[in-house]
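2 protein chains.
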Amino acid sequence: MNYLKKKIEEEASVLPGNILLVDRFLNQGLDIQLLQWLGQDIAKRFSGKNIDLVLTIEASGIAIAVATASALGVNAAFAKKHESINLSGELWTSRAYSYTKQREYQVALAKKILNSGMRVLIVDDFLARGMAMGALIELVQQADAEVAGIAVAIEKHFQDGGEKLREAGFDLYSAVRVKSLKDGTVDLL
Amino acid sequence: MNYLKKKIEEEASVLPGNILLVDRFLNQGLDIQLLQWLGQDIAKRFSGKNIDLVLTIEASGIAIAVATASALGVNAAFAKKHESINLSGELWTSRAYSYTKQREYQVALAKKILNSGMRVLIVDDFLARGMAMGALIELVQQADAEVAGIAVAIEKHFQDGGEKLREAGFDLYSAVRVKSLKDGTVDLL
Numbered sequence: 001m002n003y004l005k006k007k008i009e010e011e012a013s014v015l016p017g018n019i020l021l022v023d024r025f026l027n028q029g030l031d032i033q034l035l036q037w038l039g040q041d042i043a044k045r046f047s048g049k050n051i052d053l054v055l056t057i058e059a060s061g062i063a064i065a066v067a068t069a070s071a072l073g074v075n076a077a078f079a080k081k082h083e084s085i086n087l088s089g090e091l092w093t094s095r096a097y098s099y100t101k102q103r104e105y106q107v108a109l110a111k112k113i114l115n116s117g118m119r120v121l122i123v124d125d126f127l128a129r130g131m132a133m134g135a136l137i138e139l140v141q142q143a144d145a146e147v148a149g150i151a152v153a154i155e156k157h158f159q160d161g162g163e164k165l166r167e168a169g170f171d172l173y174s175a176v177r178v179k180s181l182k183d184g185t186v187d188l189l
Numbered sequence: 001m002n003y004l005k006k007k008i009e010e011e012a013s014v015l016p017g018n019i020l021l022v023d024r025f026l027n028q029g030l031d032i033q034l035l036q037w038l039g040q041d042i043a044k045r046f047s048g049k050n051i052d053l054v055l056t057i058e059a060s061g062i063a064i065a066v067a068t069a070s071a072l073g074v075n076a077a078f079a080k081k082h083e084s085i086n087l088s089g090e091l092w093t094s095r096a097y098s099y100t101k102q103r104e105y106q107v108a109l110a111k112k113i114l115n116s117g118m119r120v121l122i123v124d125d126f127l128a129r130g131m132a133m134g135a136l137i138e139l140v141q142q143a144d145a146e147v148a149g150i151a152v153a154i155e156k157h158f159q160d161g162g163e164k165l166r167e168a169g170f171d172l173y174s175a176v177r178v179k180s181l182k183d184g185t186v187d188l189l
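Protein chains in written order, with our numbering: chain A, 1 to 189; chain B, 1 to 189.
It should be emphasised that the hints constitute simulated quantities derived from the structure, not laboratory data. Heads up, some of the hints might be wrong.
Since the list can't tell identical chains apart, any single copy or any two copies may satisfy a pair.
Said to hold, decoys possible - Each computed DSS-like pair below joins lysine-lysine, with the alpha-carbon atoms no more than 25 Å apart:
1) Lys182 to Lys164
2) Lys101 to Lys164
3) Lys81 to Lys101
4) Lys49 to Lys182
5) Lys111 to Lys6
6) Lys81 to Lys182
7) Lys44 to Lys101
8) Lys7 to Lys44
9) Lys5 to Lys179
With the hints as constraints, model all of the structure from the sequences given.
What follows is the structure, encoded as structure tokens:
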């Protein structure tokens, strides 16, 4: 059973602007059984890939990264969305554009966390146009580490982020793919 | 063994302004074994308290909330730091001041996640002056729910947040208490 599919069908709602609201169980509210299922589901998919680190971006990717890293038995890390005085020393940085918030932001990760040669699994809650994902991939490449895989909870399949990543040769896994959110109805693939 | 104490002694550093940098293992970098230890440590302390929900604030509290909620077998939730268009419907809101970022911010949680009568365990990574904690407590009280306990990974004991919470009658647990960060040296209680 796809637990995430079930939760979306039963508890998600659609807002104007193609927003799928999953705040009851994945973003704000965190259903722990769902997270554990999702972490194990992603871990199973990438178990043969010798992952060293699970990387995500704050804030809503963190819960999924912790669940996935726990299931894989490796450490996790989250990139921050703008430079903070709590980040000392040198940083890997890139930029991304948020369509939700309609502004560009900086993505930063302390260099000491992500080292050359590491095999990184990037995870996030949503994949739409792939802006945040692109910024995370750039961080990994800056560090001369390897993107061993990409996993998202929910891919908005009607937007082009997933297609672009697959075309670029990345090993992308989406636990749930949304075909359409037209007329306020969730249509899953 | 106090795993967090060990990690702080071995891997933390001190920045000007009484900042204890734990980005290798608790904030940016997430040491999964440490998180699992911390979640179990907090869960053990509050196991008799019939907790319904573990509540935190984005971003660095989320990993600890997931680990604690997993250990307790309950769900978690995180408040957001300013209103976002992804938060539909009605919100519980309060305000807090960040000394780190030197600005006030709004704290918001969807009402549907936090209901009247719930017994809530509030968790966070740091407790210093208690500004974020005060905002979370206010959300719980607005919802007519109960703060059944408060747990933080690291209490800056030389600041007054912990003392104020204890004096106000809250059941506060800190996995590690920092006595001083003077001269760049970590002095733990």
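Against the structure, the hints:
1. In this assembly of identical chains, the alpha carbons of Lys182 and Lys164 lie at most 25 Å apart only when taken from the same copy (22 Å versus 51 Å across copies).
2. For the homomeric pair Lys101 and Lys164, the shortest alpha-carbon distance inside one copy (22 Å) is at most 25 Å, but the shortest distance between copies (36 Å) is not.
3. Both within a single protomer and between protomers do Lys81 and Lys101 lie at most 25 Å apart by alpha-carbon distance, with minima of 12 Å and 14 Å respectively.
4. For a Cα distance limit of 25 Å, the shortest separation of Lys49 from Lys182 qualifies neither inside one copy, at 37 Å, nor across copies, at 45 Å.
5. For the identical chains of this complex, Lys111 and Lys6 are inter-copy neighbours only, at 23 Å across copies versus 39 Å inside a copy, given an alpha-carbon limit of 25 Å.
6. Taking the closest pair of Cα atoms, Lys81 and Lys182 never come within 25 Å of each other, the shortest separation being 30 Å inside a single copy and 30 Å across copies.
7. Taking the shortest alpha-carbon separations for Lys44 and Lys101, neither the intra-copy value of 34 Å nor the inter-copy value of 40 Å comes in at or below 25 Å.
8. In this assembly of identical chains, the alpha carbons of Lys7 and Lys44 lie at most 25 Å apart only when taken from the same copy (20 Å versus 30 Å across copies).
9. Within a single copy, Lys5 and Lys179 get their C-alpha atoms as close as 13 Å, which meets the 25 Å cut-off; across copies the closest is 48 Å, which misses it.
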